[in-house]
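Novice: Start from the sequences and build out the full structure, keeping to the hints where you can.
Order-wise, the sequence lines are chains A and B.
Residues 11 to 84 (the numbering used here) are what the first sequence spells out, left to right.
Residues 2 to 257 (the numbering used here) are what the second sequence spells out, left to right.
Simulated from the structure, these hints should not be mistaken for laboratory data.
Since the model is a prediction, treat every value here as computed from it, not as a measurement.
Careful, some of the hints might be misleading.
To be verified - Ranges between beta-carbon positions, derived for each pair:
{"id": "1", "chain 1": "B", "residue 1": "125", "chain 2": "A", "residue 2": "33", "range": "22 to 28 angstroms"}
{"id": "2", "chain 1": "B", "residue 1": "76", "chain 2": "A", "residue 2": "21", "range": "17 to 23 angstroms"}
{"id": "3", "chain 1": "A", "residue 1": "24", "chain 2": "B", "residue 2": "161", "range": "29 to 35 angstroms"}
{"id": "4", "chain 1": "A", "residue 1": "65", "chain 2": "B", "residue 2": "191", "range": "53 to 59 angstroms"}
{"id": "5", "chain 1": "B", "residue 1": "67", "chain 2": "A", "residue 2": "71", "range": "40 to 46 angstroms"}
{"id": "6", "chain 1": "B", "residue 1": "138", "chain 2": "A", "residue 2": "66", "range": "45 to 51 angstroms"}
Said to hold, decoys possible - Heads up, simulated SDA-like pairs for lysine to any residue below, C-alpha to C-alpha not over 20 angstroms straight-line:
{"id": "7", "chain 1": "B", "residue 1": "64", "chain 2": "A", "residue 2": "53"}
{"id": "8", "chain 1": "B", "residue 1": "212", "chain 2": "B", "residue 2": "161"}
{"id": "9", "chain 1": "B", "residue 1": "125", "chain 2": "A", "residue 2": "56"}
{"id": "10", "chain 1": "B", "residue 1": "79", "chain 2": "A", "residue 2": "66"}
{"id": "11", "chain 1": "B", "residue 1": "79", "chain 2": "A", "residue 2": "33"}
{"id": "12", "chain 1": "B", "residue 1": "125", "chain 2": "A", "residue 2": "58"}
{"id": "13", "chain 1": "B", "residue 1": "125", "chain 2": "A", "residue 2": "54"}
Unchecked claim - Chain B side only, calculated, beta carbon under 8 angstroms to chain A, not exhaustive:
{"id": "14", "residue": "46"}
{"id": "15", "residue": "66"}
{"id": "16", "residue": "70"}
For glycine and all other residues, C-beta sits at the position ideal for the given N, C-alpha and C.
Here are the chains, one letter per residue:
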Amino acid sequence: MAQPTETGRIRVNGHDMPLGAATVADFLAQQAVDVDQRGIAVALNGSVVPRSAWGATALRPGDNIEIVRVMQGG
Amino acid sequence: MSDPLVIAGREFKSRLFLGTAGYPNRQLMLDAIAASGTEMVTASIRRISLAGDDESLLNLIPKHIQFLPNTAGCQTAKDAVLTAELAREALGTNWIKLEVIGDRELLYPDTEELVHATEMLVSKGFVVLPYCTEDPVVCRKLADAGAVAVMPLGSPIGSGLGVCNHHLIEIICARSPVPVVLDAGIGTASDAAIAMELGCSAVLLNTAVSKARDPVMMATSMRAAVEAGRGSQLAGRIPKIAQAEPSSPQFGLVGT
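Specialist: See below:
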């Protein structure tokens with residue numbers, strides 16, 4: 011039996027997850043990431059997605075997304 | 002005396018750059034930053050926790066202080082470049098403290114990857130400050146690759162061993178076409194003063210302050226040490242000699 015498309019999976023910060031969002035912005039909203047806070051950045055398949063493009067950037071099965079923030083550091 | 006440090010056209014009155022990691026709590030970090038007089042603090046870029054994170058560091062640091070994001074922990078030029086690009090997006094700065102680590106125990110820089118990453122980031126418009134070994138040849142290659150400053154280690158990160166090789170740091174400072182920032186290994190105020198006396202343009206430290214018993218008092222001491230070391234360097238120290246040289250007059254001695 012063919013896998014329905016809803017069970018496509020993506021990799022998020024190194025973890026496998028089911029893909030249930032159409033765009034980067036949808037995904038962040040689903041994960042309850044406060045998208046208005048400063049200091050957040052997203053890379054999709056090794057390339058940075060500027061904040062202004064989050065709403066228009068589609069997610070596809072197999073995508074690798076990194077969501078990072080500014081933290082303390084030396 | 003006005004003695005600003007200029008890196009990539011940006012003027013700094015303070016020659017002390019401070020890390021933001023490892024303080025007992027956020028208030029002590031903020032108090033230590035204030036006490037240090039620093040105008041640039043480092044930060045890291047890490048994956049968010051989907052379970053929720055603390056308040057962003059960005060909202061806490063006073064506006065007049067510049068962020069210098071790092072690529073700490075990266076082991077390849079590729080990862081460091083992506084981290085730098087994420088930092089630029091997250092912080093709106095093209096400044097980057099470039100770390101490419103080749104040994105996890107020593108946290109020693111991987112020189113080949115570091116030079117390569119510097120070239121790549123410079124070509125992408127970044128202002129690159131690489132953390133590097135205390136090697137004059139490496140420092141020259143980094144400057145040739147377009148680094149705006151070089152940041153040789155005094156000793157391994159967090160070791161508190163101070164400046165282990167005075168002569169090499171002095172040689173690097175004398176030869177470098179770009180400012181030299183002593184980065185890593187500072188344990189106490191005298192280490193920072195020595196780095197400045199050897200000719201460094203600035204000192205970057207974190208653990209020496211954040212893990213001190215009293216971080217705010219240590220930040221105050223580091224500020225004084227960097228200023229004292231810089232002053233001594235500019236004033237010109239006396240040469241070292243192997244014999245005594247009397248400071249009092251040699252004539253008119255009583256009883257002769």
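Novice: Hints first: check each against the structure and report whether it holds.
Specialist: We went through each hint and held it up to the structure:
1. B:125 with A:33: 22 to 28 angstroms: Since the Cβ atoms of residue 125 (chain B) and residue 33 (chain A) sit about 26 angstroms apart, the hinted range of 22 to 28 angstroms holds.
2. B:76 with A:21: 17 to 23 angstroms: 19 angstroms Cβ-Cβ, so the 17 to 23 angstroms window holds.
3. A:24 with B:161: 29 to 35 angstroms: holds, 32 angstroms
4. A:65 with B:191: 53 to 59 angstroms: holds, 54 angstroms
5. B:67 with A:71: 40 to 46 angstroms: Taking Cβ atoms as reference, residue 67 (chain B) and residue 71 (chain A) lie about 41 angstroms apart, which means the hint holds.
6. B:138 with A:66: 45 to 51 angstroms: Because 47 angstroms falls inside the window, the suggested range holds.
7. B:64 with A:53: Roughly 27 angstroms between the alpha carbons, so the hint for residue 64 (chain B) and residue 53 (chain A) is violated.
8. B:212 with B:161: Roughly 10 angstroms between the alpha carbons, so the hint for residue 212 (chain B) and residue 161 (chain B) holds.
9. B:125 with A:56: Answer holds: residue 125 (chain B) to residue 56 (chain A) is near 15 angstroms, not above 20 angstroms.
10. B:79 with A:66: violated, 26 angstroms
11. B:79 with A:33: violated, 26 angstroms
12. B:125 with A:58: holds, 13 angstroms
13. B:125 with A:54: The given pair, whose Cα atoms are some 19 angstroms apart, holds under the 20 angstroms limit.
14. 46: holds, 5 angstroms
15. 66: Result: violated, 13 angstroms to nearest chain A Cβ.
16. 70: holds, 7 angstroms
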